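Protein chains: 4
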Amino acid sequence: MRSLIKDLLKFRDERNWSQFHTLRNLIVSLNLEAAELLELTQWKSDEEISRLTEDPRSDEALRDECADILLYLLLIAEKAGFDLTEAAQEKITKNAAKYPISKSYGSSRKYTELGVDN
Amino acid sequence: MRSLIKDLLKFRDERNWSQFHTLRNLIVSLNLEAAELLELTQWKSDEEISRLTEDPRSDEALRDECADILLYLLLIAEKAGFDLTEAAQEKITKNAAKYPISKSYGSSRKYTELGVDN
Amino acid sequence: MRSLIKDLLKFRDERNWSQFHTLRNLIVSLNLEAAELLELTQWKSDEEISRLTEDPRSDEALRDECADILLYLLLIAEKAGFDLTEAAQEKITKNAAKYPISKSYGSSRKYTELGVDN
Amino acid sequence: MRSLIKDLLKFRDERNWSQFHTLRNLIVSLNLEAAELLELTQWKSDEEISRLTEDPRSDEALRDECADILLYLLLIAEKAGFDLTEAAQEKITKNAAKYPISKSYGSSRKYTELGVDN
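Protein chains in written order, with the numbering used here: chain A, 1 to 118; chain B, 1 to 118; chain C, 1 to 118; chain D, 1 to 118.
It is worth saying that the hints were derived from the structure and are not from the lab.
These numbers were taken from a predicted model, which means no experiment stands behind them.
Watch out, some of these pointers could steer you wrong.
If chains are identical, the list can't say which one is meant, so a pair holds when it fits in one copy or spans any two.
Derived DSS-like pairs (lysine-lysine); straight-line CA-CA distance at most 25 angstroms [what the hints assert, rightly or not]:
no., residue 1, residue 2
1, K103, K91
2, K91, K79
3, K6, K110
4, K98, K44
5, K103, K6
6, K110, K79
All chains should be modelled from the sequences, with the hints used to inform the complete structure.
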């Protein structure tokens with residue numbers, strides 16, 4: 001991860017792109033990449049989507065879109081000054097409090113509907 | 001990163017949520033989290049957005065939304081059977097070919113407008 | 001439609017909100033409303049989604065989210081100076097050229113994959 | 001509007017596309033069109049976005065993306081069995097209750113922060 005971040009910032013700085021990387025621009029760009037990921041599911045049945053990875057071109061597209069989203073996340077974290085992995089680790093702890101096992105086992109209900117005090 | 005993935009899958013399996021985690025559902029959920037990140041910029045000027053991290057509540061929200069997106073990315077990668085960090089490393093290499101320094105230095109134009117053969 | 005637009009602009013101007021309604025802000029807000037619409041399908045099977053309208057609360061939510069999106073479209077069209085209904089009428093004509101009946105009958109392929117000259 | 005809906009349904013039925021137009025597919029497609037609209041603002045300053053309509057190609061793209069979103073809204077409304085214009089009219093009334101003039105004049109705060117009972 002540390003080596004990935006180093007390569008990413010080198011890529012950015014060699015192109016002098018930091019000037020375009022405002023928080024707003026990075027967040028908008030991440031949303032556009034998320035939409036490209038969603039587009040891979042467009043007009044497809046659940047069955048077809050579960051077999052996306054069997055087609056080499058779709059499989060590569062899936063990897064690439066996920067990769068682009070991660071790269072934007074890392075640029076946002078760098079700009080906002082936090083450690084992404086650490087934030088995710090903390091979020092799992094928060095989610096565990098929002099979704100106690102006893103109330104959420106085998107249920108896809110949102111925590112706001114679980115009657116948990118948060 | 002490895003420890004993060006381990007904790008995440010433990011969180012998922014303790015709740016028996018793997019059944020809900022089809023590729024489609026994970027991709028849709030990632031898009032909804034991306035929109036929540038975008039919402040943090042709604043009605044705000046560039047100036048206000050650049051100061052988001054100075055407000056503790058907004059700063060925490062920014063971290064949390066980015067964390068949620070990373071968690072969904074990791075769940076997608078696990079379901080689709082690829083290594084997310086590796087995919088991102090490869091994507092930087094691809095992007096470097098799409099955006100040669102000589103043509104993209106200091107420019108925010110898309111690679112399709114750079115006259116690069118891809 | 002004309003009466004709807006009139007009521008909408010009256011609503012906006014009574015609150016002195018035109019100052020917030022830059023093209024960027026309206027487009028971002030429309031995307032957030034689109035995500036709220038998408039959220040109505042989260043974690044649901046095709047079968048459950050097709051029965052959304054049978055539940056009065058979900059049915060109302062569906063109407064409300066679609067309504068919000070239309071309202072933002074109208075505000076964008078007003079700001080950009082075009083007639084939304086007219087633009088849609090013209091778009092149907094363009095789509096008919098992109099998707100000739102002979103090539104697209106019963107197919108969900110994108111026009112870029114249909115071998116149509118556009 | 002009525003003539004627009006008639007033309008749209010004719011366009012759909014001539015291509016036998018109703019089979020693909022499940023609520024889920026229409027909602028996902030609308031979100032993808034919303035992202036294409038957002039893409040028109042990518043990497044642009046507020047100043048550049050406010051001048052989008054001065055460039056004929058961008059102006060046409062803006063109209064086209066808004067048109068596509070309206071067309072999907074109409075297909076959703078048809079599938080879900082409601083009148084889109086009527087829903088928007090009712091939504092203005094609801095919004096007026098959520099945002100009383102006295103509390104929201106000249107303010108971009110969300111209704112949940114206005115201290116209005118809803």
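Review point. Which of the listed hints are not met by the structure?
Key: none
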